[in-house]
Amino acid sequence: MADISTCPPLTRVSVVQAHDLIRPHVHLTPVLTNATLTRLASTPRSRGSLEGTAWGGREPARPVVRLWFKCENMQRVGAFKVRGAFHAVERLKGDREWVEGNHAQALALAARESGIPAHIVMPEISAAPKVAATKGYGAHVVFSGSTSVEREAMAAKVMAETGATLVPPYDHPDIMLGQGTLGLEFQEQVEGLMRSAAAEAPCGGGGMLSGVALSCEGTGITVFGAEPSFEGADDCQRGFETGERVEKVSTLTVADGLRTPVGEFPWAVIYERRLVREMFSVTEDEIRAALRLVLERMKMVVEPSAAVPLAVVLFNEDFRSLVEREAGEEGWDIGVVLSGGNVPMTVPSDDDAATTASIDSTEHDIIDISKAPAVVSWIGEDGQPRSLCHSPLDHSHVTLDIQFNAESHTAVFKLTANIAFKGKRNKSNTFLFVYPERVQSLAVVDEDDGSVFAQNRLGTNTYSLRFTLATPCALVVPRDELVPKDNAARATLESLQDLAGKTSFQVNFPCKILPKDRLVALCDEASSSGRLKTMPGVENLAKLYGGKGGRVIEYKQAETSEVLSTEELVDTQPWVASPGPDDRGRGDSQNSKTRPHDTVESPPSYDELDLGHSPSTRPPVKKRRRLDSEVMARDTSQSKTLLEEICRQGFGEIGRRLDRIEQRLDDMGNRLDRVEQRICIGNGQEDLSSGQRPTKQDNRQRDELGQRIECVEERIASVEEKLETGLSELADTIEDQMADAKNDLEHSVLVYVEDEMGIAQSQFEDFVKSEVRNVGEDIEE
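In the UniProt record's numbering, the protein residues as written are 1 to 781.
The reader is advised that the hints may include incorrect statements.
Said to hold, decoys possible - Restricting the straight-line Cα-Cα distance to at most 35 angstroms, the calculated cross-link-like pairs of lysine-lysine (DSBU-like) are:
(1) K533 to K299
(2) K248 to K157
(3) K157 to K299
(4) K516 to K422
(5) K422 to K485
(6) K371 to K422
(7) K533 to K516
(8) K422 to K502
(9) K722 to K485
(10) K533 to K512
(11) K299 to K135
(12) K371 to K135
(13) K502 to K485
(14) K512 to K502
(15) K512 to K371
(16) K769 to K485
(17) K248 to K135
(18) K502 to K371
(19) K769 to K422
(20) K722 to K422
(21) K516 to K502
(22) K157 to K135
(23) K512 to K299
(24) K371 to K533
(25) K371 to K485
(26) K722 to K769
(27) K502 to K533
Think of the hints as simulated: they come from the structure by calculation, not from any bench.
Please put together the full structure from these sequences, using the hints given.
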């Protein structure tokens, strides 16, 4: 290894120089965010989960954090170690060979690319993938005991036998400066994106933590360290408490990369120079829980050591209280180092906790299901079963979202369906929200009559959540001018309207998403009268469409089993996220409040578009309130201009189509004339050539043909007359609708006129096509 006296000083400038040196050899790993993990980190833990810990009896912390993940698991050889190894190699070039303590793959790769042989000392209990990868890079692997003392003894033996130079895994300035380059990259990648910033990194030997601390020196970023607590693996934290470095550690923590004591050089940076603010530790179960969260929510493979910093942010109450105390409501942006991803794929299943840990791991009080494919079933107004299904072949992709916090007795239930609307390239979301206050009972069932159907649609075993409500759901719809693109989309929206009026339905979703006992806890809580409330922090539902007109509409409680009329679809006030204790019946008429007339007017009810009726059975639009005269004066001119433009475009298109139809009719008439002339000429020539008079049969055929031609001409004239009459009636209708629209701007003028024109145009085109087809058939005959 390079002489300590020739090493660069341990400063941020030296980290920058190290980065320039190794940049060609390492990856610029990404910085990622995850909304679910950020939300969980900002959610207080339950008091029950703190019982039996050092924080038992304390009020749970309520930190506000935003997480940023530096993904060194995507680095070459799958870990940050390659940074220090390449920096050491670049500064050591010229030496013949060396031996290593723990950063096996990184050093083997660096040695191979530099053309230098390497002897790698690895513990006998090293994971098989790490050993295989190290050998794959061309290194000679020598096994030792599991403790640092045993590894150092074996390294000394190999050096004595081969004359190799020792490259320690962490306790050397060159290694520390190389590892610190990841902190430098992180700062460059998030520059301008983070506000009050902190960094959390794992600590084993301390090479990476000390390097990150050097890279953050003088930047205002506060650095914290994370360790496992199992069997004394929290040596650095204990050293902070006593003021002395712990020299020996013997532990078999699941975080195998953190089983070593902090080295002398890293300790000087971490503690003596106070570049690391504080150290925190977590349990084995908490590490496994954080590991599971990264696997499930970020869809990334990381090793247990890499999950330790996230576990601190999620579960260590000392750290969470510190963030709450110092960051306040503004919160902290925290950079979390995911240090590596070298893990056998069987490790997460070695412990039951790893396979059953759900969204909040050690606690059974939080559920977060997002965009789970679902099948919704209910009994329609006609008494027949109805359903909405999640399938790539369907026009609606139905998904389920559930958030639940047992500690605060709050929840959110949401169903989402994607529907194609006219004029939009992509499908839009339409939501059904079930207010927890309205749930009378909620039950989870393994198998039921609808399970086979749901399993076939979802391709897996399913649970069925059966909802029984006091009052129906809330339907969140897009802005009014959006109408279904086709009949399939119209049918889907009609089904949602039908479902929104029901107080009993069931939702099937895959079993693998969540263990049944978690769902049972949710059902018990929801079925306890009055306990479960709407989760705070959920914004106004009408804003789900970015303030572009999305609204909440609700059905009144149906007193009979009759089909709900359009008058039963009513507007409500903008939804309040935190309902009061008496809000269970907010869907009833006595609890529903409309906006006062002296405030901003409510948009028209969504049912006025009559999404479930065909044009021929369309009921009359109900009368709407008139707007204030000042509003009319301000908007009439602009609306009239837009309306006239729409009519002009519509009539222009109809006119062009009529011109084409008339041209085709003229062509047919000309063809008939030519046919008649040819017949007359042919008969005359035949008479002249034969010198015979036409027979009675010839005269009869000629008369019949002439009559048929006259009939066709009469029908053509009739079609032309009907075209003119239809145009006149259509013009009168549009003129009446324009006059009505100008006096009634509350309704969506553009949509209504466009819809009426579309219906009239469709009927008109069907009529013309039918008449032309009949004429063509007569001609062919």
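Evaluation of the provided hints:
no. : hint         : in the structure
1   : K533 to K299 : holds, 31 angstroms
2   : K248 to K157 : holds, 20 angstroms
3   : K157 to K299 : violated, 43 angstroms
4   : K516 to K422 : violated, 41 angstroms
5   : K422 to K485 : holds, 4 angstroms
6   : K371 to K422 : holds, 25 angstroms
7   : K533 to K516 : holds, 22 angstroms
8   : K422 to K502 : holds, 28 angstroms
9   : K722 to K485 : holds, 30 angstroms
10  : K533 to K512 : holds, 27 angstroms
11  : K299 to K135 : holds, 28 angstroms
12  : K371 to K135 : violated, 43 angstroms
13  : K502 to K485 : holds, 26 angstroms
14  : K512 to K502 : holds, 28 angstroms
15  : K512 to K371 : holds, 14 angstroms
16  : K769 to K485 : holds, 23 angstroms
17  : K248 to K135 : holds, 29 angstroms
18  : K502 to K371 : holds, 22 angstroms
19  : K769 to K422 : holds, 24 angstroms
20  : K722 to K422 : holds, 31 angstroms
21  : K516 to K502 : holds, 26 angstroms
22  : K157 to K135 : holds, 20 angstroms
23  : K512 to K299 : holds, 15 angstroms
24  : K371 to K533 : holds, 21 angstroms
25  : K371 to K485 : holds, 24 angstroms
26  : K722 to K769 : holds, 13 angstroms
27  : K502 to K533 : holds, 20 angstroms
Of the numbered hints stated above, those contradicted by the structure are hints 3, 4, 12, listed in ascending order.
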